[in-house]
Amino acid sequence: MSDTAIQTSGLGKSYRLGTARRGYDTLRESFGRVASQAFRRAHQPPDPNERLILWALRDLSLTITDGEIVGLIGHNGAGKTTLLRILSRISEPTSGWAEVTGNVGSLLEVGTGFHPELTGRENIFLNGAVLGMRREQIRRRFDEIVEFAEIQQFLDTPVKRYSSGMSVRLAFAVAAHLEPSILLVDEVLAVGDAAFQRKSLGKMGEVASRGRTVLFVSHNLAIIQSLCQRGVLLERGGMVADGSIGETVATYLRSLERSATGDVLSRSDHDGRGYRDTMVCGLGLRDARTGVEDVVVSGNPATISVDLTELVPLIQCHLTILNSLGQPVCSFDSQALAPGDERLKDIGPHVECEIPSLPLLPGRYRIDILVRGRNQIQDGLQAATFFNVEPGVIGGRPSPAFGVEGVVVLPHTWRLPS
Amino acid sequence: MPADRRRLRFYPRVVDDELDDVERRSSVSSRLSPPDTIRLQATKGFTRLLAPAELWRYRDVALQLAMRDITVRYRQTFLGAAWAILQPLVIMVVFSVVFGSLAHVSSGGAPYALFSLSGLVPWTFFANALLMGSDSLVSNSALVSKIYFPRIFIPAGVVAAGTVDFAIALVILFVVVGIGGGHLSLGLLVLPLLIAITVAAALGVSTGLAALNVRYRDVRYAVPFTVQLWLFATPVAYSSSLVPEPWRTVFAVNPMVGVVEGFRWAMLDRPHAPWALIAVSAGTSLGLLVAGLAYFGRVERGFADFV
Chain A
1 MSDTAIQTSG LGKSYRLGTA RRGYDTLRES FGRVASQAFR RAHQPPDPNE
51 RLILWALRDL SLTITDGEIV GLIGHNGAGK TTLLRILSRI SEPTSGWAEV
101 TGNVGSLLEV GTGFHPELTG RENIFLNGAV LGMRREQIRR RFDEIVEFAE
151 IQQFLDTPVK RYSSGMSVRL AFAVAAHLEP SILLVDEVLA VGDAAFQRKS
201 LGKMGEVASR GRTVLFVSHN LAIIQSLCQR GVLLERGGMV ADGSIGETVA
251 TYLRSLERSA TGDVLSRSDH DGRGYRDTMV CGLGLRDART GVEDVVVSGN
301 PATISVDLTE LVPLIQCHLT ILNSLGQPVC SFDSQALAPG DERLKDIGPH
351 VECEIPSLPL LPGRYRIDIL VRGRNQIQDG LQAATFFNVE PGVIGGRPSP
401 AFGVEGVVVL PHTWRLPS
Chain B
1 MPADRRRLRF YPRVVDDELD DVERRSSVSS RLSPPDTIRL QATKGFTRLL
51 APAELWRYRD VALQLAMRDI TVRYRQTFLG AAWAILQPLV IMVVFSVVFG
101 SLAHVSSGGA PYALFSLSGL VPWTFFANAL LMGSDSLVSN SALVSKIYFP
151 RIFIPAGVVA AGTVDFAIAL VILFVVVGIG GGHLSLGLLV LPLLIAITVA
201 AALGVSTGLA ALNVRYRDVR YAVPFTVQLW LFATPVAYSS SLVPEPWRTV
251 FAVNPMVGVV EGFRWAMLDR PHAPWALIAV SAGTSLGLLV AGLAYFGRVE
301 RGFADFV
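Protein chains in written order, with my numbering: chain A, 1 to 418; chain B, 1 to 307.
Honestly, the hints are just simulated from the structure, not real lab data.
C-beta atoms are modelled at their ideal positions from N, C-alpha and C, and glycine is treated no differently.
Keep in mind that a hint or two might mislead.
Said to hold, decoys possible - Which residues of chain A face chain B? A partial, calculated answer using Cβ under 8 angstroms: (1) I86; (2) I90; (3) V100; (4) R121; (5) V130; (6) G132; (7) S244; (8) G246; (9) D294; (10) R374; (11) Q376.
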């Protein structure tokens, strides 16, 4: 049973940045390139345009044995999705090789692998065929898949009319029921309602317990830790840790903290979707009662302040507080206005968010930020800063010590028999 | 919650039983066990034309795609499959008026309408295969960038769906020739060969262009224009006898020359079989097929990065 399911050696994938925006060339440009190469002497430096090469994945050597459940973690743009795309044969590596033994089923995006014009029923057969299944096999599991995905009424509706939740449910149901021997999952469990997430997790655990190999990407460290035994950490396309899931998650958290201590603006993991007319250059949380930075006493008022590089019209901030397992605890969005919100003339490229009482349990937390401006995403940063919550008093009652269940403390009052 | 758990427990047993059942009954259970190892690495050079084992493995996908192309082809159209008949018939009428009656182009004794229709039937198939096939990869980008299967299925599916139209148009051709007083000749035995030449040329050119279109969107603009030029380079409206030998045989490097003249000879029961033209056209058709598939195989693994 300890056969190799996936093996990679020196695996790398590069993209020419010049073409990233448009994706394709015109013949004229290609002729031009060929011509200029023909006339260039060998010792001359290459065209500077050709040096704009991004290695999304580099020199990755990894062996995964049959039946292993591996969690793949890393920042945005670390190469996790690129690896899954190569392993599922959608794109090919630039260097190195990978060997995959067995049928591969992949769930890479919302509604992955579905043809929008085909109905749910037709898509189940198409997707099943892609997984290497015979029609009769698909037919046998058909009812099970439909029941699991909860799409009975929409079976003969084209998938383009499905909600994203519905197509994820269907995609997951097909991949999980048709039993590919290797399942590649990218963050899909983040979509869909809580009940379906729980059901999917159960199914994943079950698939895993039946000796299938699973490679799982998620930003939710709690889910990853509950499902996987082994963790692989990618950073800027390369592997930086490979070991038990606990150790790898710890390494990841340390690297998150390390990147949060340096200069915010020069970090390499700013959101790639951002227009970057303005960027986050500082973010901090201050206990408004004690005045201490990055340490808040549970229940005290706190202020999150954001510094931006430029003042652009229509600045909006979305802040998310996450616990040490990467689970979101709460988020704040400036687009939903409330009485008391202010737009100030003399504040400069600066945003503040005041929280009258921060009722978090003692522990370590981080803040993710997304900044919009001119109605575009301008910048985003995960783990922009970290802070500690110390035990305090909430509603006259000491906040519970470390290791208590839950993430927040709410003010409350008891009625007890005397 | 307990109910949930009971149901989840219930699944694996059912699944196991079915799996065993399938493996026991299926004669090609090798697809499930033992699994084969696939090596993924950068494609270098023209390594292979086709991978038969891979195509066979994904044959169900091919079937699904071809069926989709056939069912979707005339969906939301008022006339439906009548388009397959209408296209060549309308052009036949136009050609008969313009070239037959007004310009008095020689049709070698046969009624001009039959003369042009017998050329238009294979030509319409070829032109549509080029127009639709060359754009097929780009218009299926959602599929190409999200899932894996042998990419050749996409342009091949379009060509396969086109053969349905071709078959319908052929029936019409037989009917029209019958009405026009034609009779069956031994030349009809050559029709399958001529159809094979047409399909091979259409497949080769459209797979090559489809692959090229992924990288260079110029193709999208060049194809309609090229198809127009190609029509003039093919003796559909005129007879290849206008071209003197030995140039007539050279002319047949356009695979449609041999096909069109062959069709005429077979359908209109002409005395001299254009064997030389058919032979030259069969050769270029095969060459186009090999070249198209070779280029396709060389670049297909990169489609997802460009499409």
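**Request:** Please name the hints from earlier in the document that this structure breaks, with their numbers sorted from lowest to highest.
**Result:** Result: hints 4, 7, 8, 9, 10, 11 break, sorted rising.
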